[in-house]
Each structure stands twice: as structure tokens, then as C-alpha cells.
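**Student:** Sequence lines, in order, name chains R and A.
One rule links them: number in my numbering = place in the first sequence (from 1) + 33.
One rule links them: number in my numbering = place in the second sequence (from 1) + 18.
What the hints contain is simulated information worked out from the structure, not anything from laboratory work.
Computed from a prediction, not measured in an experiment: that's the story for all the values here.
Among the clues, some could well be false.
To be verified - Which stretches of chain R does chain A cover? Using the computed rule of at least three CB atoms under 8 Å from a CB of chain A, they are:
#1 52-63
#2 68-79
#3 102-112
Unchecked claim - When the alpha-carbon atoms are kept at most 25 Å apart in a straight line, the in silico DSS-like pairs for lysine-lysine are as follows:
#4 Lys77(R) / Lys113(A)
#5 Lys118(A) / Lys149(R)
#6 Lys166(A) / Lys76(A)
#7 Lys149(A) / Lys89(A)
#8 Lys149(A) / Lys109(A)
#9 Lys132(R) / Lys113(A)
#10 Lys132(R) / Lys149(A)
#11 Lys90(A) / Lys77(R)
#12 Lys145(A) / Lys76(A)
#13 Lys149(R) / Lys113(A)
#14 Lys145(A) / Lys90(A)
#15 Lys149(A) / Lys77(R)
#16 Lys77(R) / Lys109(A)
#17 Lys144(R) / Lys118(A)
#18 Lys113(A) / Lys90(A)
#19 Lys113(A) / Lys128(R)
#20 Lys118(A) / Lys128(R)
#21 Lys143(A) / Lys166(A)
#22 Lys132(R) / Lys118(A)
All C-beta atoms in this analysis are idealised placements derived from N, C-alpha and C, irrespective of residue type, glycine included.
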Amino acid sequence: MNTTVENQTANNHLTRDEYVAPNVDIFETTDGYVLQAEMPGVGKDGVEITLEENEITITGRRTPETVDGEALFRERHNADYRRVFELDPAIDTAKIAAKVEQGLLTVTLPKSERVKPRKISVD
Amino acid sequence: MNLIRWQTPGLSNWAGFGRLSSLRDEIEQLFEAPLAEFTRTSQLLSGRTPALDLHEDKDNFVVKIEVPGIKKEDIDVTLQDGALSISGERKSDEKFEDAKVYRSERFFGSFQRTVSLPAPVAADKIKAQYKDGVLTVTLPKTEEAKPKQINVQVN
Numbered sequence: 034m035n036t037t038v039e040n041q042t043a044n045n046h047l048t049r050d051e052y053v054a055p056n057v058d059i060f061e062t063t064d065g066y067v068l069q070a071e072m073p074g075v076g077k078d079g080v081e082i083t084l085e086e087n088e089i090t091i092t093g094r095r096t097p098e099t100v101d102g103e104a105l106f107r108e109r110h111n112a113d114y115r116r117v118f119e120l121d122p123a124i125d126t127a128k129i130a131a132k133v134e135q136g137l138l139t140v141t142l143p144k145s146e147r148v149k150p151r152k153i154s155v156d
Numbered sequence: 019m020n021l022i023r024w025q026t027p028g029l030s031n032w033a034g035f036g037r038l039s040s041l042r043d044e045i046e047q048l049f050e051a052p053l054a055e056f057t058r059t060s061q062l063l064s065g066r067t068p069a070l071d072l073h074e075d076k077d078n079f080v081v082k083i084e085v086p087g088i089k090k091e092d093i094d095v096t097l098q099d100g101a102l103s104i105s106g107e108r109k110s111d112e113k114f115e116d117a118k119v120y121r122s123e124r125f126f127g128s129f130q131r132t133v134s135l136p137a138p139v140a141a142d143k144i145k146a147q148y149k150d151g152v153l154t155v156t157l158p159k160t161e162e163a164k165p166k167q168i169n170v171q172v173n
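Please put together the full structure from these sequences, using the hints given.
**Tutor:** What follows is the structure, given as C-alpha cells:
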């Protein structure tokens with residue numbers, strides 16, 4: 034589920050960005066949803082979260098690393114991370130919050146108040 | 019393996035042609051890409067056996083391993099007989115113990131990687147740093163292990 038995003042620049046050149054999909058965990062509590070995405074190598078400045086209609090796009094750009102000497106063995110990749118999710122309409126988009134800690138992005142998506150069960154008093 | 023482009027003058031002006039030729043490029047890439055490209059996108063190297071890079075410059079060996087979302091105290095770095103071992107455990111967050119789970123792709127549990135170093139290192143000078151989920155271990159080489167220039171005498 035890795036994605037490729039194509040962009041047409043002003044000179045009519047096609048640029049292609051290759052992204053890897055990060056592993057995510059999604060939970061639901063009574064207050065809302067929590068999404069945790071693993072993006073090693075991405076710091077606070079590298080995270081970009083955009084909302085469009087009912088879709089949320091999470092992009093993580095790795096902080097560039099200085100290469101020390103010669104590579105003897107390489108398994109890590111240099112690609113940035115990207116993944117798109119469809120939102121439950123019950124989510125209050127204005128209250129979405131996110132934080133990054135040691136390459137783990139945690140996004141909290143609270144449900145809007147009117148959707149939560151509540152009692153209505155009778156006069 | 020190269021696929022030769024065949025183009026008639028009429029076809030090259032067709033709006034859809036650009037997309038077809040990029041499809042051809044993609045198929046060509048599929049045949050030419052080294053095998054490493056495929057393993058990169060698979061999930062083999064995450065979780066129980068995290069992805070690891072080993073670099074060498076004239077003074078140090080540098081090992082980088084990707085272990086996001088772990089507490090510093092849950093990571094163990096040991097050096098024995100010239101082999102560096104990195105192990106630890108990713109514990110699940112108690113906050114979400116009772117929550118309903120929609121998706122669970124992250125790996126929880128213990129992980130371990132061991133890498134043999136090609137030359138001796140000064141064990142007391144090893145440094146390890148954990149930043150943005152990447153653990154970087156810098157191992158300075160012993161003096162004997164550093165490259166030396168030998169002058170050639172000509173008689």
C-alpha cells in the first residue's frame with residue numbers, strides 16, 4: 034500500500050514522490066479515536082497532517098541524515114511516509130490533536146459532543 | 019532488459035500516450051530494479067527484527083537501527099566478542115487496553131539484532147543515542163584497527 038504521488042510542475046515535468054505506508058494502530062474509546070503511526074526518522078517538523086472533506090492524510094518526512102563514511106550493510110530505506118484515512122463523520126475535525134514521540138505519531142480524533150449518548154431531561 | 023519505444027507520429031500527440039509510456043517505464047523498472055528494492059517495501063524488516071544500517075569511516079563504526087515508540091529504559095545495547103547486540107521490548111500502552119481495536123499493524127514484544135564488527139572497537143568509548151525512533155550507536159575503532167599509511171622506500 035505504498036503510494037506514489039505525481040505532480041506536474043510548471044515546465045510540464047512530471048515529478049514522482051515515492052512514499053512508504055507506515056504501520057498504524059487505530060483504537061476507539063468512548064471519547065473518540067486514536068491513531069498511532071510508526072515513522073522512524075521523522076521529527077516534529079517532518080510531520081504534516083492535512084484534512085480534506087472526510088479524508089485525513091498523514092505525511093512524515095525524514096530529517097536528512099549526514100552519511101558517515103562507507104556503508105557496509107544497508108536495510109533502512111530513505112523514503113518518506115504517507116497514508117490516507119477516511120474519517121468517521123462523528124469526528125469533530127476542529128478538535129483533532131497530534132503529537133510525535135520517538136518516531137511515533139499519535140493523532141487523537143475526538144467525537145463531536147452531540148454524537149455521544151446523553152440524557153435529556155423532561156420538564 | 020530494455021524495451022524499445024515504438025512511436026508513430028500520429029500517436030505521440032494523443033493525450034493518453036503519456037500515461038501509457040510511464041506504464042512501460044514502470045514495467046521496465048520492475049525488471050531492472052535490484053532485489054533490494056522489493057525487500058524494502060515488504061514488512062520483513064520491522065518489529066521483531068528491526069532494519070539496521072552499518073557504516074564505517076576511518077575512526078568509527080556507526081550502527082543505526084529503527085525502533086520507534088520504545089522507552090529508553092527498554093532498550094539494551096551490549097558488546098560481546100566483537101559483536102554488537104541490540105535488544106529490547108516494545109510494550110503496549112496501558113491507556114488503550116480497554117479500547118476497541120480497529121487496526122493493529124504495529125509489532126509489540128521483544129526484538130533483537132546482532133551485528134559482527136569487522137574490526138576491534140574501544141568498548142569503553144561506545145556512545146548510543148536514541149532520537150526520532152532511530153538508535154544510533156557509534157563505536158570508535160581501537161588504534162590498531164585504524165588504517166595506517168606505510169611509506170614505500172625505493173632504493
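**Student:** Determine for every hint whether it applies to the structure shown.
**Tutor:** Tested hints:
Residues of the stretch 52-63 of chain R with a Cβ under 8 Å from some Cβ of chain A number 8, which satisfies the need for three, so the listed coverage holds. Only residues whose C-beta sits within less than 8 Å of a C-beta in chain A count toward coverage, and the stretch 68-79 of chain R has 7 of them, enough to reach three; the restraint holds. Judged by the Cβ-Cβ criterion of 8 Å, the stretch 102-112 of chain R is covered by chain A as claimed, because 10 of its residues qualify and three suffice. For the proposed pair lysine 77(R) and lysine 113(A), the alpha carbon gap of about 22 Å is at most 25 Å, so the pair holds.
Only pairs whose Cα atoms come within 25 Å are accepted, and lysine 118(A) paired with lysine 149(R) is accepted, the gap being roughly 16 Å. This hinted pair checks out: lysine 166(A) and lysine 76(A) have alpha carbons roughly 10 Å apart, not beyond 25 Å. For the hint pairing lysine 149(A) with lysine 89(A), the CA-to-CA distance comes to about 11 Å; that is within 25 Å, so the pair holds. Proximity of lysine 149(A) to lysine 109(A) is assessed by CA-CA distance (about 18 Å); at most 25 Å being required, the pair is judged to hold.
Distance restraint check for lysine 132(R) and lysine 113(A): the Cα-Cα separation of roughly 16 Å lies within the 25 Å cut-off, and the hinted pair is therefore satisfied. A distance of roughly 15 Å separates the Cα atoms of lysine 132(R) and lysine 149(A); the hinted pair therefore holds under the 25 Å criterion. Simply put, lysine 90(A) and lysine 77(R) have alpha-carbon atoms about 18 Å apart, close enough for the 25 Å limit, and the pair holds. For the hint pairing lysine 145(A) with lysine 76(A), the CA-to-CA distance comes to about 17 Å; that is within 25 Å, so the pair holds.
With a CA separation close to 20 Å, the supplied pair lysine 149(R) and lysine 113(A) stays within the 25 Å bound. Distance check on the hinted pair: lysine 145(A) and lysine 90(A) sit about 14 Å apart at the alpha-carbon level, within 25 Å; holds. Proposed proximity of lysine 149(A) and lysine 77(R) is supported: the alpha carbons are some 11 Å apart, at most 25 Å. Note on lysine 77(R) and lysine 109(A): the hinted pairing holds, with a Cα-Cα distance of about 22 Å set against a maximum of 25 Å.
Of the supplied pair hints, the one linking lysine 144(R) and lysine 118(A) holds, its CA atoms being roughly 15 Å apart against a limit of 25 Å. The straight-line distance between the Cα atoms of lysine 113(A) and lysine 90(A) is roughly 19 Å, inside the 25 Å bound, and the hint therefore holds. Taking the CA atoms of lysine 113(A) and lysine 128(R), the gap is near 20 Å; set against the 25 Å cutoff, the hint holds. Straight-line distance between C-alpha atoms of lysine 118(A) and lysine 128(R) comes to about 21 Å, which keeps the hinted pair within the 25 Å bound.
The suggested pairing of lysine 143(A) with lysine 166(A) holds, with an alpha-carbon distance near 21 Å, which does not exceed 25 Å. About 21 Å separates the Cα atoms of lysine 132(R) and lysine 118(A), which keeps this hinted pair within 25 Å; it holds.
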